[in-house]
Amino acid sequence: MPVKVIKPGLLTTIQDLGRPGYFHLGIPIGGAMDRVSLRTANLLVGNDEGAAGLEAVFLGPELEFTEDATIAVTGADLPILIDDVEQPGWTALKIKAGQRLGFGYLKSGARAYIAISGGVDTPPMLGSRSTYAIGALGGVDGRAIAAGDSLPIGAGAGGTEGATVAPDLRRATGSPVELRVLPGLYWHRITETAQRGFFDDEWKVAPEADRMGYRFRGGKALEFVEREQPFGAGSDPSNIVDGCYPYGSIQVPGGTEPIVLHRDAVSGGGYFMIGTVISADMDLIGQLQPHMPVRFVEVDMETALKARADRAALMNRIRGALDR
Amino acid sequence: MASPVPYPRFLPCGDAALIVEFGNAVDKALNDKVLALDQRLAAAPPDGMVETVPTFRSLMVHLDPLVTDPATVEAHIAGLLGDLAGSAAPGPIWRVPVCYEGDLAPDLEDVARATGTSATEVVALHSGALFQIYMLGFLPGFPYLGGLPDTLYLPRRTNPRTRVPAGSVAIAQSLSAIYPVVSPGGWHLIGNTPIRLFDSGRDDPALFASGDRIRFVPVEAAEFARIADAVAGGDFVVEKETV
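In the order they appear, the protein sequences are chains R and S.
The first sequence maps to residues 56 to 379 in my numbering.
The second sequence maps to residues 125 to 367 in my numbering.
In case anyone wonders, no lab produced these hints; they're calculated from the structure.
It cannot be assumed that every hint is accurate.
[Stated by the list, open to error] Just a few of them, taken from the derived set where beta-carbon distance is under 7 Å, the chain R residues facing chain S:
#1 Gly76
#2 Val140
#3 Pro285
#4 Gly289
#5 Thr331
#6 Ile333
Glycine included, every Cβ here is placed at the ideal spot set by N, Cα and C.
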C-alpha cells in the first residue's frame, strides 16, 4: 500500500534509529536527528519504536495515501493538514485512501517526524532504512524522497485514533536553548580566557547546519595555548594530526566557529575539538533553526549521566501513557 | 604546556564515548598499537561497549551510557594496555590490480614532475611499496594507506576535483588511498582499480578492514577491462598473498 509523494518538501528523508556498528568502515550511525520524536510517533501509530518514518526539515512534504492508514506527526511544530483541514500534532490520526497529507508553515523547531502505521518499508541496508546520502545507503535508492516516488508501507494494525501525548511529555522546540557540554578532547589547548568565553558568549546557529553537523557563530574566536606544531598538523593551531571524531564533539576549524558533529558525522579528521555535547541533548540540536541563540553550558559527568537516565525515564513515561 | 599526560592517554569525549590516543603522528608503530588494542577489546569487550573505531593514532570506543559509563570502560581498557607494541596480529596482504595509464591516471605526469621523477618511477615506487590500512573513513570503505615512499610526498591538490571516479588510486602527503565511490576529492589520481571496495549488498560490505595490507599490482588497459567485466559479472576474487 504505497504512499505517493506529490511534493517532497525541502529535504525529507526516510529515517529509523540508524545503523550502529559500521563507524569503523566510515559509515556513521545516522537515523533520526530527534530520536525521542521518531520513537513517539511510531508508538502513536502502533509501530515498533524503531520503524522507519519520514524526517522533514523546515518544510513538510505533500503525500497521497492509496489506502487507509494511521499517521502521527511529532517533533517540530509544523501545522498538519489532511485534505487542507488542520489536525493536531503528537496524536494518532486516521487518513483515508485518496486523502492528502500536507503541511503549513513551520512555527517552531526544525524537524517533523511522520510515522505511518506499518512503517516505511523500503529495503533495509546494513540493518537500517535510514538515508545516508553521502554513502548512497538506505532511503529511496540512497537519496531523499522526490516527487513521483511511491513509498512502500508495511502491514500494521494501526494505533488508537485520537491517542495523544500529553503536552508535558512533548519536548519543547523553539525556546532559547542551552546545550550541555562536557569539556574534554583538546580543551587544554585553548587558554583559560577562551575556555570561559566559550561558555559565556552567546552563539547563534549558522545556516550551515545539517545532519553531519551544526555550525555556530557569534562568539569570540578561541585563543590557543602556545605550542610547537607536530609534524603533519600544518601551521594552523586548530589543526591536529588526524584523530577520532565522536558524535556530539565540538570541532572549531580555525578556532572561530564551533561545529557540533551529529548523526551523519565522519569518523575522523584533522580539526581539534574542545568537548562534547552530552548525549541527552543531541535530539535538541536537531530541532534548532538557523539564527537561533544558543548557549553552551559546562556540566560534569555525573550530570551528563543523570540527564541521559532522565531522557530514558521520559521515554518510559511516554510508553506508559500510551499503554505500550 | 604540551600534552598534559604521557601517551597512551585517554581523551574524555562525553558520556557515550572515549578515545585512547597513542601519540601525535601518522606512523605505523602507533597505528599498530591502535590495532592491537582494538583486537584485545574485540576479544574482551567491556559491558556496554557499542563499537570501536580505529583511526591513525587513536582508538574511539562508543558505549551505552544507560549500561555503563566512561570511567568503568576506561578502567577496563587501562588493564589491556600492557605490551601493545608489536602485538597486533598482521592483516592479510591483498593484491590490488591498478592500471596506471592514460585517462585512468590523470595526475601521473604532474606527480612525476612535482617529485622530480618519471611516470615509470612513480609507478615503480607506488607498486613496490607494501601499504597498511591505517583507517577506513571519509567515505564508506575509503582506506587511508600508510607506507608511501617519501619520494612521493606531495601536498594535496590546490584545486580539489568535484568528481573523482570510483576506483581512483590516489596519493597525498604521506598516504595513498582508493576512492570506493564517486566523490569530490583533492588527492592526486595516479591510477584506477576495477575492483569493488564497497558493496552495501554484502554481509561484510567493505572488502578491507583496518590493519589489512595492500600491494598494488600494475595491469595494462586490456587486463583492466577484462577484470572490470569479471567484477561486473560477480566472478572476480581479489587475490591475497600467502604470508
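Status of the hints after comparison with the structure:
{"no.": "1", "hint": "Gly76", "result": "5 Å, holds"}
{"no.": "2", "hint": "Val140", "result": "41 Å, violated"}
{"no.": "3", "hint": "Pro285", "result": "5 Å, holds"}
{"no.": "4", "hint": "Gly289", "result": "10 Å, violated"}
{"no.": "5", "hint": "Thr331", "result": "3 Å, holds"}
{"no.": "6", "hint": "Ile333", "result": "6 Å, holds"}
The structure does not agree with the numbered hints 2 and 4 stated previously, though it agrees with the rest.
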